[in-house]
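Protein chains in written order, with our numbering: chain C, 1 to 526; chain S, 1 to 337.
Careful, some of the hints might be misleading.
Claimed, not checked - Cross-link-like lysine-lysine pairs, in silico, DSBU-like; alpha carbons within 35 Å at most:
no., chain 1, residue 1, chain 2, residue 2
1, C, 3, C, 340
2, C, 304, S, 112
3, C, 180, C, 81
4, C, 201, S, 80
5, S, 286, C, 498
6, C, 92, S, 327
7, S, 303, C, 304
8, C, 304, C, 340
9, C, 436, S, 277
10, C, 201, C, 180
11, C, 140, C, 370
12, C, 247, C, 134
13, S, 337, C, 92
14, S, 277, C, 81
15, C, 247, S, 155
16, C, 370, C, 181
17, C, 201, S, 155
18, S, 257, S, 286
19, C, 81, S, 286
20, C, 304, S, 277
21, C, 123, C, 133
22, C, 92, S, 80
23, C, 233, S, 277
24, C, 81, C, 304
25, C, 181, C, 513
26, C, 484, C, 92
27, C, 92, C, 81
28, C, 484, S, 80
29, C, 233, S, 155
30, C, 304, S, 155
In case anyone wonders, no lab produced these hints; they're calculated from the structure. Since we're looking at a predicted model, the values are computed, not measured.
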Amino acid sequence: MHKGYLCLVLHSHLPFVRHPEHENFLEEDWLYEAITETYIPLINVFEGLVQDNVDFRVTMSLTPTLISMLTDSLLQDRYMKHINRLIELAHKETERTRWQPEFNHLAMMYLASFYKSRETFEKYNRNLVNAFKKFQDLGKLEIITCGATHGYFPLMDVCRESVKAQLKVAVAHYESVFGKKPQGIWLPECGFHPGHDELLKEAGLRYFFSDAHGILHGTPRPKYGVFAPVYCKSGVACFGRDLESSKQVWSSIEGYPGDYAYREFYRDIGFDLEYDYIRPYIHPDGVRINTGVKYYRITGPGEKLPYDPHLARERAASHAGNFLFNREKQVEYLYDFMQKKPMIVSPYDAELYGHWWYEGPMWLDFLIRKIHFDQKTISMITPSEYLLENPRNQVVTPSMSSWGWKGYSEMWLQGPNDWIYRHLHKSSQRMTELTKTYSYNNPNGLLRRALNQALRELLLAQSSDWAFIMGTGTHTEYAVRRTKEHLLRFSTLYEQIKSSCIDEGWLSDIEYKDNIFPNIDYKVHQ
Amino acid sequence: MAIFRKIKEKINKVIQKNKEKKAQRISKGAKAKEAPEKEIKHAIGTQETNIGGSKFFTPATVRTAPPVVQELPARYFEDKIIIQARDSWWLHSYWEITPRTMDNLRNKLQDKFNSARLVLRVYDVSNIIFNGTNAHRHFDIEVNFDTTSWYIDTKGPGRSWCVDVGLRLANGEFITIARSNIAYTPIDGPSWITDEEWMIPDDMFARLYGMGFGFGKSSPGKGWQERMKRALFSGVFASPGMASMASPVKKVPPLRKFWMVVNTELIVYGATEPDAKVTVQGNPIKLRPDGTFTLRYALPDGKQVIPVEGTSNDGIETITITPIVGKETKSNSLVRK
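The shape of chain C in the complex, shown without the other chains (with noise of 0.2 Å):
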């Protein structure tokens, strides 16, 4: 009989980049690097997984701007020039290196994995969210919503109208995609806000994730830490994030990903290579970018050596046995300790599986298998099967926290960024004041398509990606370009609105180019 559970949350999002006003843009290869590099090796590894019916249980959400982009057909068409591009470029680079042994079967493996790229883009119709959904029929994947354009929640705590319709967004979208409702949700960056438990109450939601201070620093204490969930005073379940599990695989240090086996990732052929020859395979203005065609390994201190498929394979499989022999010991103490199967919750960010560290699908692919086949010792669960169990936990309030820098608000919280806010809220009181003015008589026609786009393009403003990217400090322009934008559209609609003269053209243009959420209401914002 196991002792415990494992809940492996993979959190994927990226926020709404999709140009159809350019035939290029740069941006837009955030979605199509994290198509390759994880969605498509992710979706393999499940599928291997059930074709050898390993059983295996995973939570992951899928954020609503993601799932849009997914399910666009623009952007699913550009995601297909794109890789019959990048096989292009493989199909070169096995004539390049023929005099380089030691790169010439790397270029043929990338080849075979662009080819399998587009083999399993097309078996589900281009449209990956058909192939996350199919998993999660099977009853392997629970996949949970987040909030509708990953808006930070903490600092929008002035105007919870826009917290509740973050959420009512997300959960009609989710319904509309997944055809049920969601069970849960993952905060955008994990951040918790008191209070905020009673909106997603409201939205139907029934568990969210908060990082381990957020649990730990609870009132009252939590009885068992963050090894088993709390619920709030709503009756919505919180689960904690276990650091320890965490930092074996997020930390550059520490953790897996840093090994010197694995793949070099900022040693990318789209800058190493002769301009001429690459430039058909960079971007069309000329600027060097990643091509995810990568031949080195990290190596360690001095000269890179080429990067050794095997050797990498060999390792990943021996860390997944360290991360389960760790799980074990960690499961097995806390069992006689808690006198209580404990819950170990160990969320990351999905991209980091594949775009950041190249072999982490594969790990994930030995751990799930030798939980199934090596071990009696956990159980993976998804956190809906925990509370079924476990229907009677603690009452706690958890603490105001976030996953990102410093464990508060600061990353979205600082010099670079925090003029957005007196707009943000600004415009969120602005979109309040229109949904009172206009529910009662139910406008429609014009009147309702602008409230509607209104809502929209004040969801788009407030990602947290644009705070984030600023507080980084570089290429910031992108991310500053869009918050502004966003709110202009929003100042002018709300402009014209008040003043009843809708600029019809105007705004189809926008609801074409910021064409999110077709069936928002905006009603959901009070």
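Based on these hints, arrange chain S on the given structure of chain C.
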């Protein structure tokens, strides 16, 4: 309260003991690469930030983005102040005072206005319904008239705050212009409230607490001393605004990092009848419609023999041309002046 104090002493003892233990361990295992030390210095969440940032990797080359046509409004013409908790100690506040309000005050106060100071009055309103006069205490922060935001060091985790922006006159009189919402700075350690039903012995909780922060089971309590005080809030004592300059992602060491790379590639190209069959080093290649071809190879050191063989479509004629290419690399190691 006495009970709380006793519990606090007990936990502090456990923490102290563990700090000592840890100090010993570090000095013993000093060679276990400097990594763990380095990690502790990093604030919690730094890795998440770095990796999160890698999602938004954009090339270093400066790109000219089309400029935003319009700027956001500088003001919304209302008297308003908003505060938000940044962490357990700091509040961020922003406010706006309309020119009209200022003019009214100037007219009303006449001479007194000239010696008045713009002040943020920070009230501790923990566990009360604040009516403007019943705060536990307050302190003032003088700000310039053209300032519109400020980071406030509350020095008080676990408290509720309300802030007035207003004028303080020379005689000490305070005139509120706008009153903020209420914000709560979260506690920076475990709660002292343990409800009866779920009472858990302190040493047990301390162990769970340490494990929750990933410090292993033998190191209870170290979590909040180490993590909270040093790592979590390492930016706390920097002056407002300055703290925010320390971006987590750009930590470029000021080392000299001059470098150079030289690679060679070889282009083999030619032409024949468009319908001929051509092999290079025995591998068939594809001709362009006009019968030309171009091949490109990374050229390593050594000798390459590259037979290019063309055969006419009917298989009757064959031409073989074999370039032989040698490459040798000499290099000077780095010379410093």
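So, going through the hints one by one against the coordinates:
no.	hint	result
1	C:3 - C:340	8 Å, holds
2	C:304 - S:112	71 Å, violated
3	C:180 - C:81	33 Å, holds
4	C:201 - S:80	31 Å, holds
5	S:286 - C:498	65 Å, violated
6	C:92 - S:327	22 Å, holds
7	S:303 - C:304	24 Å, holds
8	C:304 - C:340	48 Å, violated
9	C:436 - S:277	76 Å, violated
10	C:201 - C:180	16 Å, holds
11	C:140 - C:370	16 Å, holds
12	C:247 - C:134	31 Å, holds
13	S:337 - C:92	42 Å, violated
14	S:277 - C:81	31 Å, holds
15	C:247 - S:155	30 Å, holds
16	C:370 - C:181	32 Å, holds
17	C:201 - S:155	34 Å, holds
18	S:257 - S:286	44 Å, violated
19	C:81 - S:286	23 Å, holds
20	C:304 - S:277	40 Å, violated
21	C:123 - C:133	14 Å, holds
22	C:92 - S:80	62 Å, violated
23	C:233 - S:277	78 Å, violated
24	C:81 - C:304	32 Å, holds
25	C:181 - C:513	28 Å, holds
26	C:484 - C:92	42 Å, violated
27	C:92 - C:81	17 Å, holds
28	C:484 - S:80	22 Å, holds
29	C:233 - S:155	29 Å, holds
30	C:304 - S:155	48 Å, violated
Checked against the numbered hints given earlier, this structure breaks hints 2, 5, 8, 9, 13, 18, 20, 22, 23, 26, 30; the rest are met.
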